[in-house]
Amino acid sequence: MSMLEIKDLHAKIHNHEVLKGVDLAINAGEVHSIMGPNGSGKSTLAQVLARRETYEVTRGQVLLNGKDLLAMKPEEAACEGLFMAFQYPVEIPGISNAYFLRAAVNAIRKYRGEEELDAMDFLPLLKEKMRLLEMDERFLNRPVNEGFSGGEKKRNEIVQMAVLEPRMAILDETDSGLDIDALRIVAKGVNAMRSADRAILVVTHYQRLLHYIVPDYVHVLVDGRIVKSGGPELALELEEKGYGWAEPASAAAH
Amino acid sequence: MATAATERLRNYLEAFHTHGANEAGRPAWLRGLCERGFARFCEVGFPTTRQEDWRFTNVNAIAQTPFQLARDARLSGAIYGDTLEACRIPGAACQLVFVNGRFAPELSDLSGLPPGVRVGSLAQAIAQDGGLEAHLGRYVNIERDSFCALNTAFIDDGAYVYLPRRTVLEAPICFLFISIPGDDPEMTNPRTLIVAEDATEASIVEDYVSLGSGVFFSNAVTELVAGEDAVISHYLIEREDRQAFNVSTLRTQQARSANVSSHSVLLGGGLVRNNVHPVLGGEGGECLINGLFIGNGSQHMDNYMLVEHASPHCSSRQFYNGILDGHSHGVFHGRIIVHKDAQKTDAKQTNRNLLLSDDAQIDTKPQLEIYADDVKCTHGATIGQVDEHALFYMRSRGIEEASARGLLLLAFANECLERMKCRPVRDYLQDLVQGWLPGTSTPAGADAVRAGEAARRWEEVG
Numbered sequence: 001m002s003m004l005e006i007k008d009l010h011a012k013i014h015n016h017e018v019l020k021g022v023d024l025a026i027n028a029g030e031v032h033s034i035m036g037p038n039g040s041g042k043s044t045l046a047q048v049l050a051r052r053e054t055y056e057v058t059r060g061q062v063l064l065n066g067k068d069l070l071a072m073k074p075e076e077a078a079c080e081g082l083f084m085a086f087q088y089p090v091e092i093p094g095i096s097n098a099y100f101l102r103a104a105v106n107a108i109r110k111y112r113g114e115e116e117l118d119a120m121d122f123l124p125l126l127k128e129k130m131r132l133l134e135m136d137e138r139f140l141n142r143p144v145n146e147g148f149s150g151g152e153k154k155r156n157e158i159v160q161m162a163v164l165e166p167r168m169a170i171l172d173e174t175d176s177g178l179d180i181d182a183l184r185i186v187a188k189g190v191n192a193m194r195s196a197d198r199a200i201l202v203v204t205h206y207q208r209l210l211h212y213i214v215p216d217y218v219h220v221l222v223d224g225r226i227v228k229s230g231g232p233e234l235a236l237e238l239e240e241k242g243y244g245w246a247e248p249a250s251a252a253a254h
Numbered sequence: 001m002a003t004a005a006t007e008r009l010r011n012y013l014e015a016f017h018t019h020g021a022n023e024a025g026r027p028a029w030l031r032g033l034c035e036r037g038f039a040r041f042c043e044v045g046f047p048t049t050r051q052e053d054w055r056f057t058n059v060n061a062i063a064q065t066p067f068q069l070a071r072d073a074r075l076s077g078a079i080y081g082d083t084l085e086a087c088r089i090p091g092a093a094c095q096l097v098f099v100n101g102r103f104a105p106e107l108s109d110l111s112g113l114p115p116g117v118r119v120g121s122l123a124q125a126i127a128q129d130g131g132l133e134a135h136l137g138r139y140v141n142i143e144r145d146s147f148c149a150l151n152t153a154f155i156d157d158g159a160y161v162y163l164p165r166r167t168v169l170e171a172p173i174c175f176l177f178i179s180i181p182g183d184d185p186e187m188t189n190p191r192t193l194i195v196a197e198d199a200t201e202a203s204i205v206e207d208y209v210s211l212g213s214g215v216f217f218s219n220a221v222t223e224l225v226a227g228e229d230a231v232i233s234h235y236l237i238e239r240e241d242r243q244a245f246n247v248s249t250l251r252t253q254q255a256r257s258a259n260v261s262s263h264s265v266l267l268g269g270g271l272v273r274n275n276v277h278p279v280l281g282g283e284g285g286e287c288l289i290n291g292l293f294i295g296n297g298s299q300h301m302d303n304y305m306l307v308e309h310a311s312p313h314c315s316s317r318q319f320y321n322g323i324l325d326g327h328s329h330g331v332f333h334g335r336i337i338v339h340k341d342a343q344k345t346d347a348k349q350t351n352r353n354l355l356l357s358d359d360a361q362i363d364t365k366p367q368l369e370i371y372a373d374d375v376k377c378t379h380g381a382t383i384g385q386v387d388e389h390a391l392f393y394m395r396s397r398g399i400e401e402a403s404a405r406g407l408l409l410l411a412f413a414n415e416c417l418e419r420m421k422c423r424p425v426r427d428y429l430q431d432l433v434q435g436w437l438p439g440t441s442t443p444a445g446a447d448a449v450r451a452g453e454a455a456r457r458w459e460e461v462g
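Just so you know, the protein sequences line up as chains A and B, in that order. Sequential numbering of the first sequence, starting at 1, is according to this note's numbering. Sequential numbering of the second sequence, starting at 1, is according to this note's numbering.
Just so you know, the hints here were simulated from the structure itself, not pulled from any lab data. Any given hint could be a false lead.
One-sided excerpt, in silico: chain B residues whose CB lies under 8 Å from chain A [said to hold, decoys possible]:
#, residue
1, 53
2, 392
3, 399
Label-pair ranges, simulated between beta-carbon atoms [as the list claims (entries may be wrong)]:
#, chain 1, residue 1, chain 2, residue 2, range
4, A, 7, B, 363, 52 to 58 Å
5, B, 297, A, 214, 37 to 43 Å
6, B, 182, A, 68, 41 to 47 Å
7, B, 138, A, 121, 55 to 61 Å
8, B, 182, A, 113, 50 to 56 Å
9, B, 243, A, 111, 49 to 55 Å
10, A, 211, B, 423, 48 to 54 Å
11, B, 327, A, 176, 54 to 60 Å
12, A, 109, B, 105, 38 to 44 Å
Source: prediction; values computed, not measured. Backbone N, C-alpha and C fix where the C-beta goes; we use that ideal spot for every residue, glycine too.
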C-alpha cells in the first residue's frame, strides 16, 4: 500500500480548474519531487493535500496510508501523519514558537491516544531539532515567524517537521528565496528525516534544491497534469532544456 | 416630558432623604458635597445620546429603572466561601470586601499591610479623619458628568487608601465589590479615594462581581491623587452579572513626574461604561491607559477616556483591545485635550478590535483638542476578524479549529495583559481571561503565550 495515492485529482479555485487529473503514488521510504513552471498547479496540489478549504476538489481520490484524505479536516490530516512546509509561513503574533509547537505535538499525541508532553519533556526535544537546523534558542520564545527573515521562516518550517515527525511530508517551494547556506541547512534537516517509514514530496520550481535533497523520482507537472516522470536525472535534463521540452503532450493537446 | 423626568427622579429624591437622615453625624463639608451632587444630578438628570460624550451609549435603561439604594446584605461568611476564594488574587497585600457597597470587615483581610499604610473603609475614614476634606470630591467634575454627581450625592462607603511618602508596596491592594441583587432593582455608589504621597509606588485593584442574578446598578467613582514621582497602577475588573449596569469613573490627578497606569478588563455586566479621566497636572508626568473588553450576547461596553494634558513634557498612551461576539456593542471614545501651556506633549492612542460575529458592533472615535503648538498626538484604530491564514496554519499542524481560534484570541487579549506590570494581578487576569474566552480551555503557559495581535487583515478606520 502506498503512503500517498492520488488518483485522477481535479481541483478548482474561483471556478478556474487548476488540477486536471493528477495521478501519483508515493511509497514509504521514497522521496519524490514535483517540478513545474509557475502556474502549473504545483502549489495547488500541495494545498489540496494539506486540506486547504479554498480549493474545491471536483473529481478524484486521495488516500493517505489507505484512508480517504479528502474527507479529513486539516487537523485530522496532520494527526494522520501529513505535514506541509508552507511556501509562505504565516506569522502568528502573540504565540511563542515553543508554545505553538508543543500545542501541535500534544494535539497529535492526544489524537493518537498518547500521553501529552509537558514543557519539561518537550523543550529538550525542540532544542535538539533547532540545533539541527542551526536556529538560535532565542527563537523558542519569539512569536511564531513574526519578524523572521525568509530563511529563518523556512528553517522554522523544517524544525516543525522534525518535531512533528510526519509520515508524509510535503515541502511546498521550501527552496524559494533561500541563499545557498540556508538551502544547505534546510536540505540537511530534510535529509536527516529520510527513513524507511516516511515519504517526502518536494515541490519546487528549480532543480537547485534537488542537488542537496536527491529524490528517487521526479515528476513534471504542466497545466494541471503530470506529463513526465523519471529518475533524478530528469531534473538535470529539465534544468538544461527548460520546461518546454517536457510538455510535447500538452502542446499537442492545444 | 418634564413630569415624566421628574417622576423618574422621584425614587432618587426619596433615597436621598433616607440617606440624608443617616448622615446627622457626618461633617458639614461632606453634607454640603452630597447636597451639591444631588442638586446637580436633579438639574441635569441622566445623559442622552444627543450629548457628544454619550453618543454611542444609551442609558435609558438606567434612567427608566426605579433603583433603590441597595439593602444591607452582609451575610455570614460561609455563603461567600467559593466566590471569595475565586476572587482572591494570590499574593495580594490585602483584600477589602464590600457587599452592596458596604465594607464587610469580617470578610476582609488586612493582615499583610506594612505599618504606616492606611487602607480601609471610606465611611470609617470620614468618621475618624479630618484630612479627607482636602481631597474627597475635589477632582471629579460633577458639572460635566451626572453619574459622578449621582455618586457624590450618595457618598457613603467605599475604599480609602493613604500611602505616606516613599512607601513602596510590591503586593497589590485589592478591593472586591460584591453586588447581591434583590427582588427589586438596587444601586450602590461606591466611592474610593486613593491618596499617594510623593515617591510612592503601589498597585490597586477594584474588582466588581455579582453574587446571584438580577437588576443591579453599580455607579462607582474613584479619585486617585498621585504625588511627585509616584508610580501608581490602578486595575479595574468588571465581571458582574449580565443584568448588571456598571458605570465607573476613575479620575486621577498627577503631580510632577508622577506615573499612573489605568488598566481595565471588562468581561461582565450588561451595560458598562468605564470613564478614565487623568489630568497630567505637573511636568514630566506619564500615564498609560490600557484596556481589554470582551463582549458577547447583548453586552454593551463603552470605554470613554478623557486625557487632559495640563503641563509640558507629559506623555500619555492609550491602548484598548476589544473582542466582540454575538450582538455585543463596544465603544472606544478616546478624547485628548492638550492645554495651551502643555508644550512637548506626546500623546498616542490605539484601539484594535476583533469582531467575531456579523452582529457585533464597535464604535471607535478619537477626539483630539490641541491648544498648544509643539505637540505630538497620534491615533489609530483597526477592526478585523480572526486571521484565517493563521487559523489554517495552526490547523495544518494538528490543532483543532476551536483551540486554534481560542489561542489566537488569547494572544490578542494578552497584548493588553502583558502591559500590566504587577505580576500577581497579571497572572490572575491571564487565567481569568483565558477561562472567559471561547475555546481556550487548554492551559496556556503565561510566559509562552506572548503579547501580540491575532488578526492581520485590518481595516484602517482611524
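Worksheet item: Honestly, which of those hints from before does the structure not fit?
Response: 1, 5, 6, 9, 11, 12
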